[in-house]
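Chains as they are written, first to last, in my numbering: chain A, 1478 to 1920; chain B, 1478 to 1920.
Hints are not guaranteed to be accurate.
Put simply, identical chains are the same to the list, so a pair is met inside one copy or across any two.
As the list claims (entries may be wrong) - Straight-line C-alpha distance at most 25 Å; calculated SDA-like pairs for lysine to any residue: (1) LYS1822 - GLN1545; (2) LYS1522 - GLU1727; (3) LYS1581 - ARG1631; (4) LYS1817 - HIS1504; (5) LYS1822 - GLY1667; (6) LYS1665 - GLU1633; (7) LYS1530 - HIS1775; (8) LYS1817 - TYR1698; (9) LYS1885 - ALA1589; (10) LYS1817 - ASP1567; (11) LYS1885 - ASP1624; (12) LYS1522 - VAL1753; (13) LYS1581 - PRO1669; (14) LYS1755 - ASP1541.
Treat the hints as calculated values from the structure; they're not laboratory data.
Number of protein chains: 2
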Amino acid sequence: MSIKEEMDTHQDDDFDGLAAVEMEVQHPADAAETIEGLDIADQVKFIKQLPIKDAAASIAEMDDLDQQALIANLNRGLGARILGQMAPDDATDLLEGLDDELRKALLSRVPAEDRAELKTLLTFDPDTAGGVMNTEVVILDQDLNADQAIAKIREEVEDKEISYYAYLTDDKDHLVGVVSLRDVLLAKRGAPLKELIKTQSLISVGYNIDKEEVAHLIAHYNLLALPVVDFGNRLLGVITVDDVIDIIHEEASEDMQTMVGAGADETTDSTVVFSVKKRLPWLIINVINSALAAYVVHLYDATIAAMAILAALMHVVSNQAGNTGQQALAVMIRQLAMEKFDRRKAWVAVLRELRIGMINGLLIALMVLAAIFMFTGDFKLAACMGIALIFDMIIGAFSGAAIPLVLKEIGRDPAQASSIFLTTITDAIGFWSFLGLAGWMLL
Amino acid sequence: MSIKEEMDTHQDDDFDGLAAVEMEVQHPADAAETIEGLDIADQVKFIKQLPIKDAAASIAEMDDLDQQALIANLNRGLGARILGQMAPDDATDLLEGLDDELRKALLSRVPAEDRAELKTLLTFDPDTAGGVMNTEVVILDQDLNADQAIAKIREEVEDKEISYYAYLTDDKDHLVGVVSLRDVLLAKRGAPLKELIKTQSLISVGYNIDKEEVAHLIAHYNLLALPVVDFGNRLLGVITVDDVIDIIHEEASEDMQTMVGAGADETTDSTVVFSVKKRLPWLIINVINSALAAYVVHLYDATIAAMAILAALMHVVSNQAGNTGQQALAVMIRQLAMEKFDRRKAWVAVLRELRIGMINGLLIALMVLAAIFMFTGDFKLAACMGIALIFDMIIGAFSGAAIPLVLKEIGRDPAQASSIFLTTITDAIGFWSFLGLAGWMLL
Chain A
1478 MSIKEEMDTH QDDDFDGLAA VEMEVQHPAD AAETIEGLDI ADQVKFIKQL
1528 PIKDAAASIA EMDDLDQQAL IANLNRGLGA RILGQMAPDD ATDLLEGLDD
1578 ELRKALLSRV PAEDRAELKT LLTFDPDTAG GVMNTEVVIL DQDLNADQAI
1628 AKIREEVEDK EISYYAYLTD DKDHLVGVVS LRDVLLAKRG APLKELIKTQ
1678 SLISVGYNID KEEVAHLIAH YNLLALPVVD FGNRLLGVIT VDDVIDIIHE
1728 EASEDMQTMV GAGADETTDS TVVFSVKKRL PWLIINVINS ALAAYVVHLY
1778 DATIAAMAIL AALMHVVSNQ AGNTGQQALA VMIRQLAMEK FDRRKAWVAV
1828 LRELRIGMIN GLLIALMVLA AIFMFTGDFK LAACMGIALI FDMIIGAFSG
1878 AAIPLVLKEI GRDPAQASSI FLTTITDAIG FWSFLGLAGW MLL
Chain B
1478 MSIKEEMDTH QDDDFDGLAA VEMEVQHPAD AAETIEGLDI ADQVKFIKQL
1528 PIKDAAASIA EMDDLDQQAL IANLNRGLGA RILGQMAPDD ATDLLEGLDD
1578 ELRKALLSRV PAEDRAELKT LLTFDPDTAG GVMNTEVVIL DQDLNADQAI
1628 AKIREEVEDK EISYYAYLTD DKDHLVGVVS LRDVLLAKRG APLKELIKTQ
1678 SLISVGYNID KEEVAHLIAH YNLLALPVVD FGNRLLGVIT VDDVIDIIHE
1728 EASEDMQTMV GAGADETTDS TVVFSVKKRL PWLIINVINS ALAAYVVHLY
1778 DATIAAMAIL AALMHVVSNQ AGNTGQQALA VMIRQLAMEK FDRRKAWVAV
1828 LRELRIGMIN GLLIALMVLA AIFMFTGDFK LAACMGIALI FDMIIGAFSG
1878 AAIPLVLKEI GRDPAQASSI FLTTITDAIG FWSFLGLAGW MLL
């Protein structure tokens, strides 16, 4: 794909929406898409004819599964050389997905200085700051002045990935400050680095902090990079904003997918077997849960046999409460995803959902009551529907808002299968309240 | 809140996860949270005692509704001075949310040079590149050399928000290239800027491109900033990566919330009335849709009256197919959100979901068939359930995957109410297939 195509879908009449784009060399992100479109034999050919640096940059931009398949099909020597050229965080991600044997074979062929670093990075949990950080950092002694710092930067900068901050350490390698490279470069000659330290704050995270928390911090403080330290406040690496964008995307997919019992890491590129394995356990739980709701209905077999229309109408009650609950659920999960958890605020939000549920419940109940009365002329039946609806919709609103919080409080992912739990509650309570009421009032 | 608190929730035994944090001055993002926690009178007092620059920076970090309420409660002169100090894109966002009278009153008091700029920015659609761009850009004439460029940058940089690229224009203000500030600053003395232009590509967007498309481009190419141009390729402004993080967050919330008929822009801070207005129309559509499914059941009143257990079991069928469909739906919506739309790939993904639905459908159907037979000893009833289940789960998988695509093809938001449409299909078809089959096989 080209930028040209990307933009063509957006053109309108007076302006084609596309600015001049000159592509002398294909951008690695585009090369990655080109490669993914080829079959594996052509992928290997394509990679072999690229300069090693470009091959590494392009592979780094590919999807995880495609990356892994490609590297497995290259000869080990070339694979190792490519890994050596990749940013250490990207190389680590790739290695993490490979089977043990292949990973060892490749690592043993990576140049010694890169190998030690990759081995260290592989020891971090991939879901933590340590697992996503990059170790290519510009580190400056805090006692340098700007000119000495610039000389050091010029020396090092060729090897490093783009970085816009330099980190200052004391003689025990403790992180003591951060300066922007731009400030160093624009500083008066001879100015001590200490004068350039950003006054507001030095924000850093421990290596074992969850990567979603890292994403929150970078988003909250509008940082371009966040330093990662060990328990002794020694600088280990840095997490950059482009990695955070990937984390935010992953997080959104996880919430949306796990909510209904699909896999957190499923994509449309996953194999069918992978997706079946992820989803089937939740479908089984769902079938057990809906058996519970079915059992509630079964208790009222006599009522239904006497008045079969109830079977049709009970479905309207449960469905409506389920939808009400899902609306509350979606808004709550997003709050938990985007903001720092604040228990008081979260429960205030549950109260808010309860109010919304009461208002919507009342309005929908009145509407349905009127419609049923109009069609059937049976006021008692209409009243049963109305009462069951408002009751179940309030239960739905409360449950939808509370389920993610309860899951969070017991240390689970707030989204996981929340929609499945919600539906069980709204179905069972909807059937029970409507059929019970109808049996009592109508028969 | 402080970083200390932020981190304390994550400590474990051997490492408290928090690096040393020194906060001499509160970060604007934290000041914003402090302000949001105060009542409006105290908010005004707090803002009045801050230096005007800090006041502007803090207000820029507040939530939209809180921002608007606060600025409405400041006297117009102070409000206008604060707006003048804010980054133009932030000031525009704030002004956009105010009522016409207040906006005009504030704009008339903003210093003349800022006023013209804000008025121009207000003309752009807030959902497009023009609506989110920042106009504080470092622009360099392409014929300068590195030293001349550095002199120009030193002169301008005080006024500009953080920027890491400078843009090169020709004598007609056309955008011709981009250089990183770092490359300029590290370049050999006297080196012509043209030599520093990044060779790979110049990626820019027209001002009328959708902001989600902008987010895709920045994420895809790992850019820190993306220039925005007019139809004549003249540079208008730049969109930075921190704005993109907000767009990605908004986008994820929109998809998750509109899928079930909640408002795209609802948060837990929205008023109850706002949320009721957004959700009620979809709840009404949902009630109409479920009336359709109820009508299908009503057609089989005689069947149900003869065998009331069917009313309990039909619910298991529809619920299971609904869940299957939602899993497909979630994965498809995320694909559409994260990747450039590729019609062929999208329909291949529908086929993939169909396969998953067939496998999961078969396994669940066999499981349920066995369970029903075990409990009731009625093989025909068990077979009806099994057949209806596999049939409706396949329909669910196909519909869940296809609905977002169909919505997209007809120019609608692929997520909007997709879950509601899906449930209508899986309910109606589940009831029809199960009750129809049961009526034919059992009675």
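Exercise for the section: Up to 25 Å between alpha-carbons, please classify LYS1817 paired with ASP1567: within, between, both or neither. Expected result: Close across copies (23 Å), not inside one copy (28 Å); limit 25 Å.
Exercise for the section: With 25 Å as the alpha-carbon cut-off, assign the pair LYS1817 and TYR1698 to within, between, both or neither. Expected result: Within one copy only: 13 Å inside, 29 Å across.
Exercise for the section: If the cutoff is 25 Å on CA atoms, where do LYS1822 and GLY1667 land: within, between, both or neither? Let me know, please. Expected result: Classified as neither: same-chain Cα gap 50 Å, cross-chain 58 Å, threshold 25 Å.
Problem - Alpha-carbon proximity between LYS1665 and GLU1633, which holds within one copy, between copies, both or neither at 25 Å - result: both (21 Å within a copy, 16 Å between copies)
Practice task
Indicate which option fits the pair LYS1885, ASP1624 if close means a Cα-Cα distance not exceeding 25 Å: within, between, both or neither.
Solution key: This pair counts as neither: shortest intra-copy Cα distance 51 Å, inter-copy 56 Å.
Exercise for the section: Can you give me the call for LYS1581 and PRO1669, within, between, both or neither, at a CA distance of at most 25 Å? Expected result: neither (46 Å within a copy, 47 Å between copies)
Practice task
Go through the copies and call it for LYS1530 and HIS1775: within, between, both or neither, with a Cα cutoff of 25 Å.
Solution key: neither (67 Å within a copy, 67 Å between copies)
Handout entry: Same-copy or cross-copy closeness of LYS1522 to GLU1727 [CA-CA at most 25 Å]
Key = Intra 31 Å, inter 41 Å, cutoff 25 Å: neither.
Exercise for the section: Indicate which option fits the pair LYS1885, ALA1589 if close means a Cα-Cα distance not exceeding 25 Å: within, between, both or neither. Expected result: neither (44 Å within a copy, 51 Å between copies)
Exercise for the section: Please work out whether the CA atoms of LYS1817 and HIS1504 approach to 25 Å or closer within one copy, between two copies, in both situations, or in neither? Expected result: between (36 Å within a copy, 16 Å between copies)
Handout entry: Alpha-carbon proximity context of LYS1822 and GLN1545, limit 25 Å
Key = between (43 Å within a copy, 21 Å between copies)
Practice task
Have a look at LYS1581 and ARG1631 and pick one of within, between, both or neither, based on CA distance no larger than 25 Å.
Solution key: Neither, since 35 Å and 50 Å both go past 25 Å.
Hints 2, 3, 5, 7, 9, 11, 12 and 13, counting from the list given before, are not met by this structure.
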